[in-house]
Amino acid sequence: MWDRTPIEQAIALIRDIEAHHGRAMLIGGAALFLYGKPQRSLDYDLWIRIANDELIEILTTLGFEIDSSKPGRITAYYEECKFDLFLFKKAYNHDRELIEYDAIEVRARSVQLESGKLLIPDIEDMIRLKKLGNEVRDKDIEDIAYLEGLLKVGE
Amino acid sequence: MFYLYLHSQYIYYHDGMNSNTGTAESVQQLASKAGALIRTQRRELGLTQAQLANRIGVTIPTLRRLESGDTSISLHTFLAALTELGIADLVLNTANSAPCRSLPSIKPEKRNSFANRLQLQGINGRDAENAAWILSLSDQQRITLLQQQEREQKLCGIALR
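Residue numbers (my numbering), protein chains in the order written: chain A, 38 to 192; chain B, 36 to 196.
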C-alpha cells in the first residue's frame, strides 16, 4: 500500500516547492483527468520554476528516487510511479507556438482542494503543451481531440 | 505580493516606526519572501551575487542583505534587482491580475446532455460518459477519485511504468 498515493505525493511536492518560494503546475495526464479524461498511466508531469539544486533537495526529502537530472528536466520515481519534472522557462512546440510558464500561469485554472489550491493549464494551453517534445504520439492526438471537443462543447 | 509589500511598508512608515508590530512583522515576512524570490531567480539565471550586484550598481554585501530580507534596502535597489532578473512585471502585476478561473463543471442533471454533445464532437461514448461524470464532481471529489483509483491499482498490482 502507498504511504501516499502518487497524487498525494504530487500535491506534497507542489506544497514544498511553494514553501521554498518556487512555483509549480500540474500538467499531463493528471491535469487531463481533472478535465474529465481518465488516464491509464499514472505517470505524473509537473512544470516547475525553482532552482535545480533546491528541487533535488526537496525531492530527496520527500523520498523520491532521482533517475536522471539534466538541464530543464528531472525524472524521479516515487515507488513505481514516474514523475517527469520540467524546469524550462519557455519553449516552442511543433506548431511553433511559444510555451512560456509565466503566461500559462496567468491563464491557469485553479483546483480548489481542502489543502489549498493547485494550478493546471487552461484547456487551450493543455493542447499547446501536448504538442511539445520530439514527437506527438497517438495518445497525444487522442488527448488533443478530447480537449478540442471539450472546448467546442463549452462549459 | 509586491503590491502588498509596498502597501504594508507604506502603512508601516505612516503609522510611525515600530508603532504597529503586526504590520512590521508582515513587512519582514514579505521582505524575506521577496529576498528568497530574488535569490532563486538569480540562481536560475546562473548569476553570481557579484554579477548581479555589478549589474544593478550595488555592493555584494548590499545584495546579500536584499536576498536575506533586510527591509532597510532602498526601493530603488529592490526594483533594479527585479528588473534585471526579468521578474518585475510578474511580481508587480500579481495583485492586479485576475483571479484564476475554476475547472469546468456541469450540474449532475446535465450529465446525459453533456455526454451527448461531447459525442457529437467525435468523442467516443464511454469517454464522453466518463467525462460528464467527472466534470459533475467538485474539485476535491475529482482528486479523491484519483486517489481511490491509484489505491485500487496498487492493490491489484497493476504495473504503473
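A few of these clues could be false.
[Unchecked claim] Listed next, the in silico EDC-like pairs over lysine to aspartate or glutamate satisfying Cα-Cα at most 20 Å (straight line): (1) A:K176 x A:E45; (2) A:K119 x A:E45; (3) B:K189 x A:D40; (4) B:K68 x A:E55; (5) B:K189 x A:E45; (6) A:K126 x A:E179; (7) A:K119 x B:E187; (8) A:K119 x A:D177; (9) A:K189 x B:E119; (10) A:K168 x A:E117; (11) A:K127 x B:E79; (12) A:K107 x B:D162; (13) A:K126 x A:D82; (14) B:K68 x B:E144; (15) A:K168 x A:E185; (16) A:K176 x B:D162; (17) B:K68 x A:D90; (18) A:K127 x B:E119; (19) A:K107 x A:D82.
Since the hints were derived computationally from the structure, they do not count as laboratory data.
Next item on the list: Could you grab the alpha-carbon distance between A:K189 and B:E119 and see if it respects the 20 Å cut-off?
Entry: violated (42 Å)
Next item on the list: With a cut-off of 20 Å on the C-alpha distance, tell me whether A:K168 and A:E117 pass.
Entry: violated (26 Å)
Margin query: Hint check: B:K189 vs A:E45, CA-CA at most 20 Å. Holds or violated?
Written below: The hint holds at about 14 Å.
Notebook entry, point to check: If you draw a straight line from the CA of B:K68 to the CA of A:D90, is it 20 Å or shorter?
Noted result: holds (18 Å)
Margin query: A:K119 and A:E45 were given as a pair; does the straight-line alpha-carbon distance stay at or below 20 Å?
Written below: holds (14 Å)
Check: Between A:K127 and B:E79, is the straight-line Cα distance small enough, at 20 Å or below?
Finding: holds (13 Å)
Next item on the list: Decide if the proposed pair is consistent with the structure: A:K127 and B:E119, CA atoms, cutoff 20 Å inclusive.
Entry: holds (18 Å)
Notebook entry, point to check: Are A:K168 and A:E185 close enough, with their CA atoms no more than 20 Å apart?
Noted result: With Cα atoms ~13 Å apart, A:K168 and A:E185 stay inside 20 Å; holds.
Notebook entry, point to check: Is A:K176 within 20 Å of A:E45, Cα to Cα?
Noted result: violated (25 Å)
Margin query: Hint check: A:K107 vs B:D162, CA-CA at most 20 Å. Holds or violated?
Written below: Violated, because 36 Å separates the two Cα atoms, which is more than 20 Å.
Margin query: Run the distance test for B:K189 versus A:D40: straight-line Cα separation, threshold 20 Å.
Written below: holds (11 Å)
Check: Holds or violated: B:K68 with A:E55, Cα cutoff 20 Å?
Finding: Holds, because 11 Å separates the two Cα atoms, which is no more than 20 Å.
Violated hints, in rising order: 1, 6, 9, 10, 12 and 14; the structure is consistent with all others.
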